[in-house]
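If you read the protein sequences in the order shown, they are chains X and Z.
Under the numbering used here, the first residue of the first sequence is numbered 1, with each subsequent residue one higher.
Under the numbering used here, the first residue of the second sequence is numbered 1, with each subsequent residue one higher.
These are calculated hints, taken from the structure and not from any lab test.
Please note that the accuracy of each hint is not assured.
Derived contacts from chain Z toward chain X, CB cut-off under 8 Å, selection only [unchecked claim]: (1) Ala41; (2) Pro42; (3) Thr71; (4) Phe88; (5) Leu94; (6) Trp95; (7) Trp127; (8) Leu139; (9) Pro143; (10) Pro144; (11) Leu150; (12) Lys175.
DSS-like mimics (lysine-lysine), calculated; alpha carbons at most 30 Å apart, straight line [stated by the list, open to error]: (13) Z/Lys147 - Z/Lys188; (14) Z/Lys72 - Z/Lys51; (15) Z/Lys51 - Z/Lys188; (16) X/Lys110 - X/Lys88; (17) X/Lys88 - Z/Lys72; (18) Z/Lys51 - X/Lys130.
Computed from a predicted model, the values in this text were never measured in an experiment.
Note that beta-carbon positions come from the ideal geometry of N, C-alpha and C, so glycine has one too.
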Amino acid sequence: MNIHHHLDAATLSAFAAGTLDGALSVVAASHISSCSACRAAALKAEQVGGGLLASLEAAAVSEDCRAQTLERLDRATLHRFPAKASSKSEFPAPLARLLPGMRLADLKWKTKAPGWAMVDLPLPAGSRGKLFLVRVGAGKSMPLHGHGGSEITLILSGAYNDRLGRFAPGDVADLDEAVEHEPVAEADQPCICLVATEAPTRFKSRMVRLVQPFIGV
Amino acid sequence: MSKSDDRALRRQDDQEAQRLLSGVARNLDRTAFAELFDAFAPKVKSVMMRKGATHELAEDLVQETMIAVWTKAGLYDPTRGAVSTWIFTIARNLWIDRHRRDGVMPLTVLDDYDPPSGEAGSDEVVWRKQEAQLIAQYLDEIPPEQKEPLILSFVEGMAQGEIARRLNLPLGTVKSRVRLAYGRLRKKLEVLQ
């Protein structure tokens, strides 16, 4: 896979720290599963975490905790071999995990407007984000939109173009709230993307939008 | 102790930790494990407390983390980084898991980018070791305003939005400080290319 568009360093850092929103993490992990550059960057970020851990001041651990841990060793089951990824899914492994046994053809697309359809994907409670698949018909465009928060889009099949460039399978558009774009699918086939947003509700009233950061919605 | 002494110590620590871990992996060496426990359990507890865990929960997660060190010792891949990095990832995943069970945090799939670990070439191991040293150096040198968001994120477990609120900065500023921090890291690691 020839990847031209990558994750933002700030996204990779949050991902490695384990603080990236769950929906965004699924898309980030899906991209990383096929992008060696971002995988290497994520590993570096983890090493930053390891370095920080090593430099922390120690907190005294109780004798009980130590004794109980040592006592549990005999009962612990050893993991000697990494679990094999047996997934033959059309989806990247992190996404396939959310859609056990599903195929692309099984998805129930909901048409949102002529030329584009969506499937909402399940996420456990607690994520502030949303996760969905979008299918933009061949040659069709998504309406111009901005983002109330971060939005990460991974191209699964087909390709689209917008003012940021051409996005093909494996490419990721990691956009923050400041970016507006209007992707147009290429003419030969529909473009299917995995999208996560952490958009807070966007109010139409300009007044409400202005106070939104302060009233915490 | 000067900073360079401190680094030398950490370097030695990592080699020692790798030796102990391979004793656990190959021979189920309990003495080696106890030494690893004494070296790392207090650090893990420190992270958990800084993430907001109670004393009790922190010790519970220390136990879980160290048991995972015992059961997964054979999976440690030195090409991925220092032992402290590996233990950091275990602790991080357990913290997230715990929150997922409590229904507070959603599914994350942090392990999915684990490449199947093949036999590491010795060149690669040496290279990684140098990389780990440079990262330790980098953490000593990085300007405080770039280090702070990293600590809040990796140690305290705060999302970038929370960090922005804590530091009373726009989110964009927090993100650009993090980007600058990684730009600096890339520069630091250029000597390895």
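Structure-based check of each hint:
{"no.": "1", "hint": "Ala41", "verdict": "holds, 5 Å"}
{"no.": "2", "hint": "Pro42", "verdict": "holds, 3 Å"}
{"no.": "3", "hint": "Thr71", "verdict": "holds, 5 Å"}
{"no.": "4", "hint": "Phe88", "verdict": "holds, 4 Å"}
{"no.": "5", "hint": "Leu94", "verdict": "violated, 10 Å"}
{"no.": "6", "hint": "Trp95", "verdict": "holds, 7 Å"}
{"no.": "7", "hint": "Trp127", "verdict": "violated, 12 Å"}
{"no.": "8", "hint": "Leu139", "verdict": "holds, 5 Å"}
{"no.": "9", "hint": "Pro143", "verdict": "violated, 15 Å"}
{"no.": "10", "hint": "Pro144", "verdict": "violated, 14 Å"}
{"no.": "11", "hint": "Leu150", "verdict": "holds, 6 Å"}
{"no.": "12", "hint": "Lys175", "verdict": "holds, 4 Å"}
{"no.": "13", "hint": "Z/Lys147 - Z/Lys188", "verdict": "holds, 15 Å"}
{"no.": "14", "hint": "Z/Lys72 - Z/Lys51", "verdict": "holds, 24 Å"}
{"no.": "15", "hint": "Z/Lys51 - Z/Lys188", "verdict": "holds, 29 Å"}
{"no.": "16", "hint": "X/Lys110 - X/Lys88", "verdict": "holds, 26 Å"}
{"no.": "17", "hint": "X/Lys88 - Z/Lys72", "verdict": "holds, 26 Å"}
{"no.": "18", "hint": "Z/Lys51 - X/Lys130", "verdict": "holds, 25 Å"}
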